[in-house]
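K.L.:
Letter by letter, the chains look like this.
2 protein chains.
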Amino acid sequence: MTMHDVGLPARDDLSPSRAEVYARVHAFDRPTLVLDVDRVEHNFDALQAGLGDAHIHYAVKANPAREIIERLVQVGSHFDAASRGEIELCLSQGARAETISFGNTVKRPSDIAFAYEAGVTLFAADAEEELQKIAENAPGAGVYIRLIVENSQADWPLSRKFGCHGEMALALLDRAKELGLDPAGFSFHVGSQTRRSEMWGPVLDQVLAVWAAAHEAGHKLRLLNIGGGFPAFYGEVIEPATAYAAGVMRQVRARFGDVLVMAEPGRGMVADAGVIAAEVLLVSRKSANELHRWVYLDIGKFSGLAETMDEAIRYQFATPRDHEAMGPCILAGPSCDSADVLYEKKMVSLPVGLTAGDRVVIRNCGAYTSSYSSVGFNGFPPLDVCVI
Amino acid sequence: MTMHDVGLPARDDLSPSRAEVYARVHAFDRPTLVLDVDRVEHNFDALQAGLGDAHIHYAVKANPAREIIERLVQVGSHFDAASRGEIELCLSQGARAETISFGNTVKRPSDIAFAYEAGVTLFAADAEEELQKIAENAPGAGVYIRLIVENSQADWPLSRKFGCHGEMALALLDRAKELGLDPAGFSFHVGSQTRRSEMWGPVLDQVLAVWAAAHEAGHKLRLLNIGGGFPAFYGEVIEPATAYAAGVMRQVRARFGDVLVMAEPGRGMVADAGVIAAEVLLVSRKSANELHRWVYLDIGKFSGLAETMDEAIRYQFATPRDHEAMGPCILAGPSCDSADVLYEKKMVSLPVGLTAGDRVVIRNCGAYTSSYSSVGFNGFPPLDVCVI
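The listed protein sequences derive, respectively, from chains A and B.
Going by full-length UniProt numbering, the first sequence opens with residue 1, and the numbers climb by one from there.
Going by full-length UniProt numbering, the second sequence opens with residue 1, and the numbers climb by one from there.
So here's chain A without its partners, still in its complex pose:
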């Protein structure tokens, strides 16, 4: 089959990824995430080249496809798991338990016990009650305390859901010791989609202040978990992965010296390894004199594109008509849910000739799509996944 077979022109200007080429030349019965696992390996290598001797713990929640985990085990990645389910997944693909950290600060006691029995030795916490659960179910385990940091430069700053403030963190180090745990260090998150490495500086300064206070208080910390925030391309320029990672590490080493560093890329590891093959279901106007169109796709907020909430992540679209004239559209999903509108405040530019049945490729959809998909809202099946 050639690209011409499905009416999509070659687009040399955009040098489509392998996943995109695959999505263009194949037909799909329903919205499908096409995943290129070689690209994931490429990204691992690129990030590791910049991170040097820091350990990569892939954030499994970004995309738990079995084939991604399998490949990352092969290339020597470590893993950050959010749940028992993710730990089981990693173990099933051959990951050694000691390479898996249980990074959710909100854990079910029985899941902590499961992880401990399986050989997981490192757990996250940001509260005394969590330390107690860990001490009871994983006696003597290593813990890192998650800090709240101010991170207003990220495209998508995190809420205050995770972490605690400095003085509380110091108290938790003390408490961990009292409980017989091994307080290894701190973690933080710079904010989702932090596009340039220099944006890390102010956040690292905040962490360093708490780190220094902990040492003054007698804690010999050895581990700094720098979390995620590694960006993907959603229309705004980002630094290439190796340069970005190296830029972060230079700033880390300048402040923290020769500590053990772990990083948890998720989006930055898998986003550009996937595209979604979708289709236009309807193009309409609400009245004859309305300037913009409404374009309805066969995929929406509840079937994979949850990260369009508040229009936070702006996906890029490719259609067979991109050489034609373009115009602004409100983009919406296929469900009978009034909230299933993808982009409205900031409209999307799409070909004016776009019509029902046209195919659409949505770029850089490898992260936070398939696992966010609902089990069957409106009777639509979950996002299909095709690994190439």
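What the hints contain is simulated information worked out from the structure, not anything from laboratory work.
Heads up, some of the hints might be wrong.
No copy labels: a pair is met if it fits in one copy or bridges any two.
DSS-like cross-link-like pairs, simulated, lysine-lysine; straight-line CA separation at most 25 Å [to be verified]:
no., residue 1, residue 2
1, 346, 286
2, 177, 286
3, 345, 177
4, 346, 220
Since chain A is already given, all that's left is putting chain B on it; use the hints.
P.N.:
Structure of chain B alone, referenced to chain A:
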């Protein structure tokens, strides 16, 4: 087993529902939606008593549990389906095809063809392109045109995603005729969670203006689909179902006379037939001097409580400690997702003694929970459903 077995006091003041009693006296391994199908039948009867000779088309998307559809078929309900999957579900439970309307205005052509072949005769549309798809795949079918209405009195006014303006609607009636379709009437949606029947008046006036214009233009319309909007109790007083439905119908009959009326209750049919049995995973403060607590449940935005987006739907919580002193909390879900915070702008009052492991019953969760649940975000399984 008695209620005492799991430490939950009797709460005569709140006269817990049958589902709530069940949730209190049983243990669950993971978050579980407990559904009382008898309550659904009760609600059907109560709504039908008020709606008179209007046809109830249950909005399947609100809760597609097989047992709910089965019971509603038994009591004579009709159905509003959003997709082929929902049509198949209804047919599998014995619904006659002619009682199913295909109410999504954004349909896949092959799904229209499937519905038509199966015997479905009534389709929604709000755009010319949709009429063309219907004419090609369901020749001669009945169609109703969805109108956009202003509905600022609903707790959750809808976006402009569905419907078209009056002059476009008239043009679509003409176009439907040209295409050999049977333009039967109009539909609209008054807005989700419209708490009092008198709020319908201004919306019905808008629809009547278009209806009258259509008759002047020579269209003999016979069907008015009044959609959903039938409320559930989320902490603010609502009119009882029969009185509410009767109040709506009085206003409809006063304006539209003896037309065929169909109504599509979803939330109003099933919300109070279900409760979610959940558990506290963690209670914490971000710093020692912070006034409010963070309470983390084992269920969140991505595992069933999607309607907490923008804190729109405010669920009610019951715990075994509700007789103790109460205090404000930020409530969050269990996932490693910073957006998985349920209530923060307007905090929730929960017992100050609340602690990890405490059970929580979330009331009136029968609508828009189980089907919104993600397939496995963070490795958590979808919301379990237990029909009593």
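K.L.:
Now, for every hint given, state plainly whether the structure supports it.
P.N.:
Do the hints match the structure? See the list:
1. Proximity of residue 346 to residue 286 under the C-alpha cut-off of 25 Å is restricted to the intra-copy arrangement: shortest distance 18 Å within a copy versus 35 Å between copies.
2. For a Cα distance limit of 25 Å, the shortest separation of residue 177 from residue 286 across copies, 20 Å, qualifies, whereas the shortest one inside one copy, 64 Å, does not.
3. Taking identical chains as interchangeable, the C-alpha atoms of residue 345 and residue 177 are never at most 25 Å apart, the minima being 50 Å within one chain and 36 Å between chains.
4. Proximity of residue 346 to residue 220 under the C-alpha cut-off of 25 Å is found in neither arrangement, the shortest distances being 49 Å within a copy and 41 Å between copies.
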